Amino acid sequence: GIQVEQSPPDLILQEGANSTLRCNFSDSVNNLQWFHQNPWGQLINLFYIPSGTKQNGRLSATTVATERYSLLYISSSQTTDSGVYFCAVYGNKLVFGAGTILRVKS
Amino acid sequence: GAGVSQSPSNKVTEKGKDVELRCDPISGHTALYWYRQSLGQGLEFLIYFQGNSAPDKSGLPSDRFSAERTGGSVSTLTIQRTQQEDSAVYLCASSTGQGAYGYTFGSGTRLTVV
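These protein sequence lines map, in sequence, to chains A and B.
For the first sequence, the positions run 1 to 106 when the working numbering is used.
For the second sequence, the positions run 1 to 114 when the working numbering is used.
Restraint-style ranges between C-beta atoms, simulated for each label pair:
#1 B:T70 to A:T20: 41 to 51 Å
#2 A:S51 to B:E14: 47 to 57 Å
#3 A:S76 to B:A54: 41 to 51 Å
#4 A:S26 to B:G72: 26 to 36 Å
#5 A:S76 to B:N52: 44 to 54 Å
#6 A:V64 to B:Q84: 40 to 50 Å
#7 A:W40 to B:E14: 20 to 30 Å
#8 B:A2 to A:P50: 18 to 28 Å
#9 A:P8 to B:S62: 26 to 36 Å
#10 A:G1 to B:T76: 25 to 35 Å
#11 A:G1 to B:V74: 26 to 36 Å
#12 B:T13 to A:P50: 37 to 47 Å
#13 A:K54 to B:G97: 13 to 23 Å
#14 B:T112 to A:E5: 24 to 34 Å
Partial pick of chain A residues on the chain B-facing surface, computed with a CB cut under 10 Å:
#15 V84
#16 N92
#17 L94
Calculated directly from the structure, the hints in this document are not laboratory data.
Values in this document were obtained by computation on a predicted structure and should not be read as measured data.
Virtual Cβ for every residue (Gly too), placed ideally from N, Cα, C.
So that you can see chain A by itself, here it is in the shape it has in the complex:
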């Protein structure tokens, strides 16, 4: 099956810093999504991005499908950005990476 690897596994930032999270996947996919799981466990869909670049406020994402990776950029991080960021790819079902745990300190 499709393998999804995320890096780094965890990250500690000072408030205001920028960061880049990476997702590598092993096969061609039809769909790639980034999720944020907040400290209360709720999963929020951030981006649907099978290819190209999208931006939403301080967050942006880029997927290079031909090279099988996606990047999530967080700029001017805030404490509310803390949580786990998951990349998930769709072959015939949504397969999740292990996530990146982000802690933003004030």
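With chain A held as given, fit chain B onto it using these hints.
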């Protein structure tokens, strides 16, 4: 409804008992998924329903786990003879179709087997 609703939000059960977890998807969403998240882990796929097609049960960890979806809407995940390793958060998601944009997750059911 406005979102994916799961019940109960928390369930504590004794080892060996059966439990039923409920998921009410977003109205009109034809696809429904169950995932399991153990403490500090990623999401493990369990089962997928799409319309009237036969469900994809490839992620169910054992024959103690089963799920059904009635009338193309509400789904129930049943775990028989619960074991301590079944303790996890069980998450349900729905979407408008296979691979479609807009996976929406419920808040999950936290199952603790004692």
